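Peer 1: Spelled out, the chains give:
Number of protein chains: 2
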Amino acid sequence: MTRRFHYERLEHFCAELFIRAGVPQEEAEMVAQSLVQADLRGVDSHGVVRADIYMRRLEAGMVRTGGQLDYMEDGAIRILDGSNHFGAVVGNRAMDLAIEASQANGVGVVGVRGSNHFGTCAYYLLKGVQQDKIMLILSNASQTMPPTGGIRPFIGTNPLSIGVPAGKHLPFILDMATSVVARGKIISAAQRGESIPQGWAIDKAGNPTTDAQAALEGSVLPLGGAKGYAISMFIDILCGVLTGAGFGKYVNNMYENWDDPQNVGHFFIAFDIPRFMPIDQFQSRMDLYIDELKAEPTAPGVSEILIPGELEHRCTVTRMREGIVLPDKVEYELRTWGERYALDLSDALLEE
Amino acid sequence: MTRRFHYERLEHFCAELFIRAGVPQEEAEMVAQSLVQADLRGVDSHGVVRADIYMRRLEAGMVRTGGQLDYMEDGAIRILDGSNHFGAVVGNRAMDLAIEASQANGVGVVGVRGSNHFGTCAYYLLKGVQQDKIMLILSNASQTMPPTGGIRPFIGTNPLSIGVPAGKHLPFILDMATSVVARGKIISAAQRGESIPQGWAIDKAGNPTTDAQAALEGSVLPLGGAKGYAISMFIDILCGVLTGAGFGKYVNNMYENWDDPQNVGHFFIAFDIPRFMPIDQFQSRMDLYIDELKAEPTAPGVSEILIPGELEHRCTVTRMREGIVLPDKVEYELRTWGERYALDLSDALLEE
Chain A
71 MTRRFHYERL EHFCAELFIR AGVPQEEAEM VAQSLVQADL RGVDSHGVVR ADIYMRRLEA
131 GMVRTGGQLD YMEDGAIRIL DGSNHFGAVV GNRAMDLAIE ASQANGVGVV GVRGSNHFGT
191 CAYYLLKGVQ QDKIMLILSN ASQTMPPTGG IRPFIGTNPL SIGVPAGKHL PFILDMATSV
251 VARGKIISAA QRGESIPQGW AIDKAGNPTT DAQAALEGSV LPLGGAKGYA ISMFIDILCG
311 VLTGAGFGKY VNNMYENWDD PQNVGHFFIA FDIPRFMPID QFQSRMDLYI DELKAEPTAP
371 GVSEILIPGE LEHRCTVTRM REGIVLPDKV EYELRTWGER YALDLSDALL EE
Chain B
71 MTRRFHYERL EHFCAELFIR AGVPQEEAEM VAQSLVQADL RGVDSHGVVR ADIYMRRLEA
131 GMVRTGGQLD YMEDGAIRIL DGSNHFGAVV GNRAMDLAIE ASQANGVGVV GVRGSNHFGT
191 CAYYLLKGVQ QDKIMLILSN ASQTMPPTGG IRPFIGTNPL SIGVPAGKHL PFILDMATSV
251 VARGKIISAA QRGESIPQGW AIDKAGNPTT DAQAALEGSV LPLGGAKGYA ISMFIDILCG
311 VLTGAGFGKY VNNMYENWDD PQNVGHFFIA FDIPRFMPID QFQSRMDLYI DELKAEPTAP
371 GVSEILIPGE LEHRCTVTRM REGIVLPDKV EYELRTWGER YALDLSDALL EE
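So the sequence lines, in the order shown, correspond to chains A and B. Sequential numbering of the first sequence, starting at 71, is according to the working numbering. Sequential numbering of the second sequence, starting at 71, is according to the working numbering.
Think of the hints as simulated: they come from the structure by calculation, not from any bench. Computed from a predicted model, the values in this text were never measured in an experiment. Be aware that one or more of the hints could be misleading.
Which copy is meant is left open, because identical chains are indistinguishable; a pair holds if it fits in one copy or across any two.
Dumping the calculated SDA-like pairs for lysine to any residue here, alpha-carbon to alpha-carbon at most 20 Å [claimed, not checked]:
#  : residue 1 : residue 2
1  : Lys-274   : Arg-384
2  : Lys-274   : Gln-213
3  : Lys-255   : Asp-114
4  : Lys-319   : Gly-269
5  : Lys-319   : Arg-355
6  : Lys-238   : Ser-416
7  : Lys-364   : Gln-213
8  : Lys-399   : Thr-368
9  : Lys-399   : Met-132
10 : Lys-238   : Arg-405
11 : Lys-238   : Asn-154
12 : Lys-364   : Ala-275
13 : Lys-238   : Gly-254
14 : Lys-255   : Pro-367
15 : Lys-255   : Asp-398
16 : Lys-319   : Glu-366
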């Protein structure tokens, strides 16, 4: 029988785990919230599957906890030093600063260095749109994709994300990697012994491949060829080169490097809508736009036109009600961590 | 024998043409400069090929000239009303405002409404990087692409552009449409009777097609499927919904609508690098990044790793020296306009 976990209990379990491992309560709750929200939205790759590596890095002393984060302020710009804290802690602080700066200046820009893997961008976007901000959030990541014409990973699948509030409609929430597909899809294909479509990946010699295993030994490709490479590079420039964080090979892989901080960089921009037009007018215009999009005729086999973030919202509603199913491996990891810190993962199960 | 035009003389010819048709000198020179610079960079689709439609709209009274452009100022935000002036005139004003606002606040954001087709984004980016700014410039455009799952054009191929100065290296200049390919490539394939790759376009019923003619009657597709649709939509939101300009079907097509102003919207962001780190430190970091990218091993058949904007720079150097070759149709149009305003296009030829 499939075990289903209740999102609030699962979040509580993860937070308690972090607390018992020494993380201050407020920080532990942010990290747990960012993970479980990803599971709710169906972005399982960024959900509690990451709790294991977060705990391992914490225990290995690779992540700092507690204390204040320093920042510099100049006009509408803030530069935040994450000081190697958990990414979700740094990201939440960056969000607060971006919103505060946008209140004062109409736009708030926060460049972040010294951070770690911070989960999904959508986690922060959703906080911003609730405060009637338009948010643009970028992050760099360790090397996974080659530049166009290259054969080795050099840039990350650096995410591009935007959140925009609407009126009666759901907010527009775009949170996309700059790769053609998530590497997870190639892993799944390899496990099933299936081939992958042309254009997803190259083998380690740089040749296009449809062999999933060869692709895993090679590199996943950027979205749309040279365009995706360029977008990923500019994200690395804003998040890394400009903020003082790592960029390219100087962003360390959290699974492989146990000597150095990750030094991930992020870039947060918040726009204060009322500086442009009254918020209700903006909301009406968004609603009109979405209404008109959804009224468009659809292609054969397509039932409706979707707005970015809509599927993830539906998934959230379903999983809040029906619970979250974890892969066996993830459940085993969490259970094992729980035993180590006198927590029972079964307490997080959904009551049937 | 192929006729080759000298870029400065061609620019002078176009500026004179606009001046004689009633455009104030300063405005005429901006429009001419933006067109010829596109030809120099190899972006022929946005070069003097557009002089004809600009002149036709000017003579039809569809574009306003002369006078000041109004804007509102609040913190780091400027909202500029283009008042239906030529896009290049509005774009140049938006650039100046963005740079000025970034000097004062670290970041400058200019939302623009009431504009027209403004040429390439790269034209403005290059001005920004010369002043040590990182520029992000977006524009919406009239309907050419369906939303994912749709069959009719609803969003434009809304360009995303970024300019970043480097030190010893050329600046990073990305100026990309959010479509898979330029529609011009499909037109060329149709003229040659060739098929197009799967994934470029759909026919008018919404089915994928490799028939170039059917594609022209249908729609060009967004870059990377749903990701390109989402990027194009957020550009429309920032440029149109937020600024008060048109969005979706409310951005009028300059070739088809002779009743209403285009009401194009743009969005300019300038970042003042020294607020983040000393400019020479930033330039060194950019140079290191580019050096490391260019040192990457290349795939079979690839001679070098390129940085966005590098090919266009090389094209500029070549065309400055060897001249610009115009398609017969474009040369005929310019010659005809010249005769009407007592200008001889032959005066713009390169001296051999």
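Peer 1: List, from low to high, the hint numbers that the structure doesn't satisfy.
Peer 2: 1, 4, 6, 8, 9, 10, 11, 13, 14
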